[in-house]
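Asks: The chain contents come next:
There are 2 protein chains.
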Amino acid sequence: MTAENKPRLEVCLSPALLHLFDVKNSIVVIIDVLRATSTICTALYNGAAKIIPVASVEECVSIGKQLNAITAGERDGKIAAGLEHGNSPFEYPREFIEDKVLVLTTTNGTKLLHMAKDAIQIITGSFPNLDAVCEYLVSQGQNVILGCAAWKDRVNMEDTLFAGAVVSRIKEHFDVNCDSAIAAENLYDSGKADLFEFIKKASHFQRLAKFGLEEDIRYCLTPNGANVLPILRNGELVVG
Amino acid sequence: MTAENKPRLEVCLSPALLHLFDVKNSIVVIIDVLRATSTICTALYNGAAKIIPVASVEECVSIGKQLNAITAGERDGKIAAGLEHGNSPFEYPREFIEDKVLVLTTTNGTKLLHMAKDAIQIITGSFPNLDAVCEYLVSQGQNVILGCAAWKDRVNMEDTLFAGAVVSRIKEHFDVNCDSAIAAENLYDSGKADLFEFIKKASHFQRLAKFGLEEDIRYCLTPNGANVLPILRNGELVVG
Numbered sequence: 001m002t003a004e005n006k007p008r009l010e011v012c013l014s015p016a017l018l019h020l021f022d023v024k025n026s027i028v029v030i031i032d033v034l035r036a037t038s039t040i041c042t043a044l045y046n047g048a049a050k051i052i053p054v055a056s057v058e059e060c061v062s063i064g065k066q067l068n069a070i071t072a073g074e075r076d077g078k079i080a081a082g083l084e085h086g087n088s089p090f091e092y093p094r095e096f097i098e099d100k101v102l103v104l105t106t107t108n109g110t111k112l113l114h115m116a117k118d119a120i121q122i123i124t125g126s127f128p129n130l131d132a133v134c135e136y137l138v139s140q141g142q143n144v145i146l147g148c149a150a151w152k153d154r155v156n157m158e159d160t161l162f163a164g165a166v167v168s169r170i171k172e173h174f175d176v177n178c179d180s181a182i183a184a185e186n187l188y189d190s191g192k193a194d195l196f197e198f199i200k201k202a203s204h205f206q207r208l209a210k211f212g213l214e215e216d217i218r219y220c221l222t223p224n225g226a227n228v229l230p231i232l233r234n235g236e237l238v239v240g
Numbered sequence: 001m002t003a004e005n006k007p008r009l010e011v012c013l014s015p016a017l018l019h020l021f022d023v024k025n026s027i028v029v030i031i032d033v034l035r036a037t038s039t040i041c042t043a044l045y046n047g048a049a050k051i052i053p054v055a056s057v058e059e060c061v062s063i064g065k066q067l068n069a070i071t072a073g074e075r076d077g078k079i080a081a082g083l084e085h086g087n088s089p090f091e092y093p094r095e096f097i098e099d100k101v102l103v104l105t106t107t108n109g110t111k112l113l114h115m116a117k118d119a120i121q122i123i124t125g126s127f128p129n130l131d132a133v134c135e136y137l138v139s140q141g142q143n144v145i146l147g148c149a150a151w152k153d154r155v156n157m158e159d160t161l162f163a164g165a166v167v168s169r170i171k172e173h174f175d176v177n178c179d180s181a182i183a184a185e186n187l188y189d190s191g192k193a194d195l196f197e198f199i200k201k202a203s204h205f206q207r208l209a210k211f212g213l214e215e216d217i218r219y220c221l222t223p224n225g226a227n228v229l230p231i232l233r234n235g236e237l238v239v240g
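Chains as they are written, first to last, in the UniProt record's numbering: chain H, 1 to 240; chain E, 1 to 240.
Among the hints, erroneous ones may be present.
A pair holds if it fits inside one copy or across any two, identical chains being indistinguishable in the list.
Simulated pairs of lysine-lysine, DSS-like, Cα-Cα distance not exceeding 27 Å [to be verified]:
no., residue 1, residue 2
1, K78, K111
2, K171, K210
3, K6, K210
4, K100, K50
5, K152, K117
6, K152, K111
7, K192, K50
8, K200, K152
9, K152, K24
10, K111, K6
11, K171, K65
12, K171, K192
13, K6, K200
14, K192, K210
15, K24, K65
FYI, nobody ran anything at the bench for these hints, they're computed from the structure.
Bound-form chain H, shown alone (with noise of 0.2 Å):
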């Protein structure tokens, strides 16, 4: 197969930069790696109903009580104020999560969901639920935007090394003309090895370690411990 016969595979590094990007001819992944992806993934993992994603604390708090839902999300690190729980994975187990509705809000992956409303399809991904990720886009054949929830519309290592980990697996069955994607995947070639020494250099590390969430980190740069599919129905995440 020709590169021209192929989908288009492209990294967006910021939700500042999703404007460039042809968001409506393909299926997007919001990838928040550090922690709300991860986590979302966890929660479906475990049984959730459902996971909505909401932009604002009011809403959360709102949706919450008209559904007699869990509310969870964080503002700089911390749970949010009039909200239950924080963006922790390991604050959904099954025994807490199973059959529950979860609203959720968090501080860069919410927005690029909302950004990306008018894609083929939205999914979220991060590496629990690499391979789920992978085999999707691979078997639905369309152009994929990568689209990293970054910190504030900064760039962030943890949402590019995932980026890189989706380009360096399905590559071969799309057209990658895209210099991000291409810039993504030689970092998490260099970092693949140990993905958690590699991210101690990041911003978002030392943010994340002061308050004293290397386990959560671990568990985020590790793959396949979720292993489902989120995907965006009617505003909703659900098992795909």
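Knowing the structure of chain H, use the given hints to seat chain E on it.
Replies: Coordinates of chain E only, in the frame set by chain H:
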């Protein structure tokens, strides 16, 4: 010296991200490796009196007439209608450019230059003047933003590589708490053994190679062939 005492060194991968940086309190290095900033230092190295960067072809023509200067610029890789010369560094040997004024407009570089106008100082960087840029930045002791001109706001390989080359050389003098800088350095480290081979993967290489510009690209990836410091003074680039 602790990190806190050192000035910041950051990399801005696209003009569309420049608003995230503290331009006003930084020296901004404009990077447009293929080929505007490579050509700028080459023309100055070869004795050009000054270079006036302008945003539009119309301005270029009008200022060119006014000053009886050489007008140059490209749009999408070809000399723009109404202008005399292109973006190739080989168009500006000493016997042609010495003591002349060059009015230059480019797709990406001049745009970023105008966006960064509030910076403490603006200089231009490229491989042909790599050492001059590094020495200047270290000598100033100010915060630095390495500003990639990118390609129509899309992150590109060649500008990121140059930013990485600078980070790699001067990082110990700065506080580098910027994931883009770490990623750029990593990319440069992967490619530095043979930048020309490395960049063949890049989208812009393919664009320029179509026009037969491989020799331009080789020159633009070679360090210190025109080692002067272009510095912006009153809207004009002169040797600093």
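Asks: Each hint should be assessed against the structure and marked as holding or not.
Replies: Hints and how they fare:
With identical chains, the CA atoms of K78 and K111 are at most 27 Å apart within one copy only, with a shortest distance of 18 Å there and 39 Å across copies. In this homomeric assembly, K171 and K210 come within 27 Å of each other (Cα to Cα) only across copies, at 24 Å, whereas the closest approach inside a single copy is 36 Å. For a Cα distance limit of 27 Å, the shortest separation of K6 from K210 across copies, 22 Å, qualifies, whereas the shortest one inside one copy, 44 Å, does not. Taking CA atoms no more than 27 Å apart as the test, K100 paired with K50 passes inside one copy only; the shortest distance there is 7 Å, against 68 Å between copies.
Taking the closest pair of Cα atoms, K152 and K117 come within 27 Å of each other both inside a single copy (19 Å) and across two copies (24 Å). For the homomeric pair K152 and K111, the shortest alpha-carbon distances inside one copy (10 Å) and between copies (24 Å) are both at most 27 Å. In this homomeric assembly, K192 and K50 never come within 27 Å of each other (Cα to Cα): the closest approach is 32 Å inside a single copy and 47 Å across copies. Only within a single protomer do K200 and K152 lie at most 27 Å apart by alpha-carbon distance; the minimum there is 20 Å, versus 32 Å between protomers.
For a Cα distance limit of 27 Å, the shortest separation of K152 from K24 qualifies both inside one copy, at 24 Å, and across copies, at 20 Å. Proximity of K111 to K6 under the C-alpha cut-off of 27 Å is found in neither arrangement, the shortest distances being 30 Å within a copy and 34 Å between copies. Taking identical chains as interchangeable, the C-alpha atoms of K171 and K65 are never at most 27 Å apart, the minima being 44 Å within one chain and 51 Å between chains. Proximity of K171 and K192 under a CA criterion of 27 Å is satisfied in both settings, with 17 Å inside one chain copy and 24 Å between copies.
Proximity of K6 and K200 under a CA criterion of 27 Å is satisfied inter-copy only: 20 Å between copies versus 36 Å inside one chain copy. Taking the closest pair of Cα atoms, K192 and K210 come within 27 Å of each other only inside a single copy of the chain (24 Å); across copies the shortest separation is 35 Å, beyond that limit. Taking identical chains as interchangeable, the C-alpha atoms of K24 and K65 are never at most 27 Å apart, the minima being 33 Å within one chain and 46 Å between chains.
Comparing the model with each numbered hint stated earlier shows that hints 7, 10, 11 and 15 do not hold.
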